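Chemist: Take these sequences, add in the hints, and give me the full structure.
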Amino acid sequence: MNKNLKEQVLRSSGANVLKCMRCGKCSATCPSYDEMEYHPHQFVYMVEKGDIETLMKSESLYRCLTCFACVDRCPRGVEPAKVVEAVRLAAVRQQGGNRLSPDMIPDMLDEDLPQQAIVTALRKYAK
Amino acid sequence: MQRIGVFVCHCGTNIAATVDVKTVAETLGHEPGVVISQDYQYMCSESGQNLVKNAIKEHNLTGVVICSCSPRMHENTFRKAAAAAGLNPYLVEIANIREQCSWIHKDIATATEKAIILGRAAVAKVHLNAPLTAGESPVVKRALVIGGGIAGIQTALDIAEAGFDVDIVEKNPTIGGKMAQIDKTFPTLDCAACILTPKMVEASQNEHITIHSFSEVAEVKGFVGNFQVKIKKKARFVDETKCTGCGLCTEKCPMKKVPNEFNMGLDNRTAIYIPFAQAVPKVATIDPNYCMMLKNGKCGVCSKVCSVGAIDYKQQDRFIEEKYGAIVVATGFNPIKLDKYDEFAYNQCPDVVTSLELERLMNAAGPNGGTLLRPSDKTHPHTIVFVQCVGSRCDDSKGKPYCSKICCMYTAKHAMLIREKYPDTEVYVFYIDVRTPGKNFDEFYRRAVEQYNVHYIKGMVGKVTPKSDGKIDVQASDLLANEQLHINADMVVLAAAIEPDKTARPLATMLTTQMDTNDFFTEAHPKLRPVESATAGIFLSGACQGPKDIPETVAQASAAAAKAIGLLCKNSITCNPCVAHSDELMCNGCSSCEKVCPYGAITYIDKEFRMPDRTTKVRRVASVNPAVCQGCGACTVACPSGAMDLNGFSNSQIMAEVDAICK
Amino acid sequence: METFTYYPGCTLRTKAKDLDTYARISAEALGIVLAEPDDWQCCGGAYTTAKDEIATKLSAVRALNAAKELGRPLITVCSACHNVIKQTNYDISHDENMAAKVNNYLQLPEAYTGETTVYHYLEMLRDVVGFDNLKEKVTNPLTGRKIAAYYGCLLLRPAKALAMDDPENPAIMEDFIKAIGATPVIYAQRNECCGGYITLEDKAQAQKRSAAVMNSAADMGAEMIVTACPLCLYNLRKNSGSELPVYYFTELLAEALGLKEASNE
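Chains as they are written, first to last, in my numbering: chain A, 1 to 127; chain B, 1 to 663; chain C, 1 to 265.
Treat the hints as calculated values from the structure; they're not laboratory data. Possibly wrong hints are sitting among the right ones.
A short, non-exhaustive set of chain C residues, derived as facing chain B with CB atoms under 8 Å [unchecked claim]:
1. GLU168
2. ASN169
3. SER216
Small disclaimer: the values here were computed from a predicted structure and weren't measured. Backbone N, C-alpha and C fix where the C-beta goes; we use that ideal spot for every residue, glycine too.
Modeler: This is the structure in structure tokens:
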């Protein structure tokens, strides 16, 4: 358990993970469930336990689409996507933590891809 | 000269561990007027009370201060002890040195100092106490029960059994409530109608019971023992005294496309209707929103076929007034609307239903004659998914914060009944927790799992996608397997949260009773007075007080009846003498007190006053009805001229306490 | 005639010109002035919900403040810009701490604390023009076309910040479809994510998501899908594997108003 990291994530997310009643609706509604190693309800629970480093190393951080389905449908108002975002930020803010850099972009482009996708990805994947 | 006795209780270690009781007793012994000051281990015990009684006699005490627990606990005990020793009970004051002192402090010195101050304030107050005598008011020996579901029926039957007249006011055309819509009951699986309808018939036949169906309470005045209630008898356009309930009119009525509320809108009824076969009273009612005769004067078929001439298109709402000694609220519950939760596709797909709709779908008197068929295509469903806690246990912005309590059990019941009748049907129940505290309840749920092989899955459903082939994709969590499931279902059943009936809130205002933030009526004490409201003479029965199943509702209904009977048995009731009164010479008739009085106890009278010059002058002054006043004191604070005062808590007494504390 | 401060966003200047062009000509025909400020910056594409992120929220605040200074509501047509700007506006008016940090950084002549009203173009059609009025202005109704509205995630959620429509049972796009004379098709996946930016990283996931949306719409009998989001349009067209045509809602609006051919000439 990393107390400092936990506090940092809680502060950054603004979420209260103690409101969770373990119903799993966030994971039930998540469109990226099958692509994730740790699912939204696990993010909430692991942050509660202070097991942040495991999450920071997980690919799951980059599978969340920030579609807010879990945020709007959580019966308890826990806002799991904001928890995921806070952990992801903790990861990309580390030295060498950027997942995407501008020089990687040209290879990803196709003629129809909207700019929106690139700026969003940079916002999500890099600091 | 006052002769005051002070008695300091140890309450075992509850007080004595944190408060130095000896010092408190000794210090208070030096207060002016105090002639005896003692401490004792348990003041409320027989010997503790004797200590007080003997001191009253021996020292000829004019006032008593007990330093002990909250007056809510033992004020009455010590008042009775004082009265037994010949002292007016209202000359006893309690200084709460337990809940407000020893329990909330850790430091002995601080707690002791505070206990002394609290005791000193009580001594200062008791100096100004006046002996009070409680008045009496007569009791009308008739009860009103508002709501004719199982709660109201049971309460009425019990009150009638004791020999008192009782009226039931039911807003629907028939009594029976939600229980009449239910097919089977848990945990015994007996038929709801089979156990309910005899009670409905009994209520209608009992000479002590009058049923005002299709009626509403319009106005409530008065107070415990003597309520005056105006009841609105809504126009049903059928003369109840003539209608025989033959049902010919309902067969002939050409307007056949009215959503049938008894079957949750799953089929249609006619514009003139009898809600169901066992309705009580079995009298037809015309729905003015659909009747073509009432809407545009073109029809009149029911009038033509009625052999007794009961149809009366000109009928108007009528009001009757009645007096009651006691009122029992039994307004019940409804499932919530599910618009906010359309991730479950309730609004998109007819095969996504609520549990109460499923009751009707499975009921022999329901739209499919008891065969479970999908509403969309009337085919037999082979895979059914139940979703628990829809709108219950939510954050305030998302739904109801409470557990609706009945859903775990009725879902187990539904699941078992389906598996029993249709073994080829797979049943899934998505649950967050299975809550089955109750006699034979958990065993019932285990039977669903172990004998009937119902698939209980720990997790919630997250998205329901109806498809064009009639199947429904149910996307859900299986938390124990750590999987996201997709179930190809034929039907989805939602356990919608329950909430108090919408009529409860305006009724609470009329009755000046309290409600919680969820609009459930608040009981006078959550443990010790569970069926009384905080307003004298108003009792609570059934789900209007909180979610309840049938056994619990019936138990509470009988308890409410017992409380009402206890009241009706009395010829008169003793009033609380700690009520407000106004000094007519100081009152300027401004109405401030009348506006803040939550009980409607204050009226204004024109009174003649003799002036110094021997003329008379008529002035408008406040007058408090001591039988209605509950002694809350709001008027004394609101009164700008200081005319309003509260017996036992006069302005001068409270100022004396404040002075003593600040000394 | 009502004037709005129009924030087109970066994509509408490049890959989503159709969304922009048809929005402008339709607005003009409806008597709405879209006044574009000179110096807007990219909104960033995604709102960073983190409380300790301030810099990434500034461009949206600048746009909001520009509208405030002009005394006009702000309007966007791109779902992503709309989402970022509305979430920013919601947080800055509900989170004092964030408002203080942002204002401390920007040093505006007057602090910005959420004064600007933000509209999505669809909200403008509903609340300012009115769908009934729109219906009257339609010269070329799209009668008989079965159109599925695709909300995606950005237009509706988080509902308390976006406050555009019921997030689970929305009606605004269906009402729009009715107003232009077509028949809306309701399908459950209309408010689920298309995969969004994941197309850069994981094509398979984007394909799976967009296919789920398109299949659900096609299954319920849709002949065409409309969206307000360039990235949704991209995913649904390129990643779903579906043949169902996907258009911007503004293009259909222009068509119904009889402006489409004119603009192509």
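Chemist: Could you run down the list of hints and mark each one as holding or not?
Modeler: Structure-based check of each hint:
no. : hint   : result
1   : GLU168 : holds, 4 Å
2   : ASN169 : holds, 4 Å
3   : SER216 : holds, 6 Å
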